[in-house]
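Engineer: So the protein lines, in turn, are chains G and L.
Read the first sequence against the working numbering and you will find it ends at 571, with the numbers running on by one and no gaps.
Read the second sequence against the working numbering and you will find it ends at 181, with the numbers running on by one and no gaps.
Don't take every hint at face value.
If you anchor each label on the Cβ, the simulated ranges turn out as follows [said to hold, decoys possible]:
#, chain 1, residue 1, chain 2, residue 2, range
1, L, 43, G, 364, 46 to 56 angstroms
2, L, 54, G, 483, 47 to 57 angstroms
3, G, 108, L, 43, 24 to 34 angstroms
4, G, 189, L, 46, 42 to 52 angstroms
Since the hints were made in silico from the structure, they are not lab data.
In this text, a Cβ means the ideal position worked out from N, Cα and C, and glycines have one as well.
Residue-level listing of the chains:
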Amino acid sequence: MQLTGAQALIKSLEQQGVEVVFGLPGGAILPVYDPLIDSSIRHILVRHEQGAGHMAEGYALATGRPGVAMVTSGPGATNIVTPIANAHMDSTPLVVITGQVASGSIGTDAFQECDITGITMGITKHNFLVKSAQEIPRAVAAAFHLATTGRPGPVLIDVPKDVTQSMMDWWYPSTIEEYDLPGYRPDVPLDEDAIARAVALIDAAERPVLYVGGGTLKSRASAELLAFAERTKMPVVTTLMARGAFPDSHEQHLGMPGMHGMYTAVTAIQRSDLLISLGARFDDRVTGKIPAFAAGAKVIHVDIDKAEFNKVRHADVAVQSNVAAALLAFDAASATPRNLDAWWRQIRDWQERYPLVYEEPSIDGLLRPQHVIQAIAAKAEPGTIIASGVGQHQMWASQFWKFEEPGTWINSGGAGTMGFGVPSAIGAKVGRPERTVWCIDGDGCFQMTAQELVTARAEGIPIKVAILNNAYLGMVRQWQEMFYEERYSEVYLSADLPDYVKWAEAMGCVGLRATNLKEMHDVIEEANKINDVPVVIDFRTDSSEKVFPMVAAGASNDDIMVHPLQRGASK
Amino acid sequence: MSATPEPFLGVIDHTPVRHHILSVLVENKAGVLARIAGLFARRGFNIYSLAVAPAESGARFSRVTIVVDAESAPLEQIVGQLDKLVNVVAISDISPKDALERELLLATIKTDVDNRTSLLDIIANAGAAIVDVDAKSVTVMLAGTPGGCDELERALESFAEVELHRTGRVALPRLGKTASA
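Bound-form chain G, shown alone:
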């Protein structure tokens, strides 16, 4: 069967089971948009290519399936660089297809030419410049294989216009050998010796902590984690990337560790004698000052990527494996720590003394952002998906929302990409339309990618957006208040400019506003009743609210600052 390269590209995506592509056409990718009309694949037409990338990420994080985005060459391609970098930092499986100028024009500074494979070399797991139409099926199959196996990540396929326009004999690789990836071996046999040494460390542990990272979600190991944790009675912390991997309601869950982690989660790690890292990478936002991080702990480091071992923290035992397989192996060996009663008594004492707190909201004053999140949660259906941007609102969402299952927390961790919230929420809703999707956003973040609400309205994707509008770039403001002597530099945004309600309405959404407690409850009720169009709520919140607990950048986790209400209490 003779097909054009463009037809082969679309057919290859169909072969991969792709149900939706987020994208925006342009000159170099034009040929591919023609056969798309006849395809069963749904295309979501974004308003900016960055939106396409973040939507694909939100889709991937919510469904566990790779997100697919398609854009044109030059600026279309560079606009999607931020989502690619974001997906690379968070190991999110993404396949990004970029148009490229015709092969003969490459290197001539042709119109809308840019070296996107060069630009994305360091922020993709791999990328391809496809040289002939005949190679398209192999490139697509290999891209999906790379994106979804081993440590997942973004893969980019750059396709010159003449390649999509020329003819090929249809074929599709049926075996991994045909992908032609001689250097890629994601499956590593479990090192029995490493497992045995890890089990010995677990058996000797008196103060263990399960340090659960995003790799636990990526390897779908939540069930194995729950079984292992319950059998061994070990305390669990879930990093920002792992929220939902272990139920927040579970009594063994101490919450999130790190710079804005729970006091107990942070301190339990600090005092632990064994840290079992499950798909986590000792990020600086978790470790604080590295030499002071869990200084008395031995480390079992489970990761599919061996380059993570000893990168930041020495691993006493490194287990190269996906998290699920390693946990099953620990269980098979009946790894069991010592009696943890004393450890749990200590942990319960910390929890009692330093729970998450914030000041009581006043009846007529500005809203407390934490309270808004709790109020939304109180009226939300179980299984609601939360997406967020980056900053204070993100930390509060992670702290105050109760995540009970995988795929319900969509956020930008490693890269910290402002503006991630709205488009990733849209992507999540496309992937799981039966779920309610709330985007907890900041006013600064919202302004970066809000245009995608036009996409959401046009495509019938009814997400709900809660803007915690404190009129500031809040996290930067917090740092300037705490570490720059309250010298506020370029952080004021204004609560009224733009008018978020009018803006929402102009984009075809319902716009609501809440300035006090009564309005807060009313607008949440109202938003929950709307299921056909996107809703945007402008919650006016107190700009003086800061995120606590907090470990200052570069400080030891021992020097965690609790909420001012809790200060003075003895540690």
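Take the given structure of chain G and dock chain L to it, following the hints.
Structural biologist: Okay, now just chain L, sitting in the frame of chain G:
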């Protein structure tokens, strides 16, 4: 011209042990070298020398011999990150004491009647060969150890005009020694 015994046997006594030799088999595809160089640059690993040529399997693979500064980053990190490049097929790490290393030096030296004799002595002592000659200059070649090439380079410094190129080294494990993968 008598054959001079080779002064070094593969162990480079002046090269600190922190240098490690990575013999990297890569797919012979466009941009592979850029991927390796980019990785080293963004991770802050230092490359001491680099040699690339098609490998034994013909056009499909190339062999890249990288001498790395293992003090710029732990060797484990360098190897681990390099191994993640999809086009990298195999990496063997040859420790300097177990390595047979060779590189090629080519140098064109302006000479006159006054210094030609001493130049010929240097060439003979180094075990180098003359590969081109004209009235005013000679081009010499040395295929030797990196240390031998260093010595010749130093000896040639006294000549007024020298154009000198070196290839960077290639290496194999000594017989009876193995590279670690």
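Engineer: All the hints need checking, so say for each whether the structure fits it.
Structural biologist: Now for the hints, and whether the structure bears them out:
no. : hint                                  : result
1   : 43(L) with 364(G): 46 to 56 angstroms : 55 angstroms, holds
2   : 54(L) with 483(G): 47 to 57 angstroms : 56 angstroms, holds
3   : 108(G) with 43(L): 24 to 34 angstroms : 32 angstroms, holds
4   : 189(G) with 46(L): 42 to 52 angstroms : 33 angstroms, violated
The earlier numbered hint that this structure contradicts is number 4, and it is the only one.
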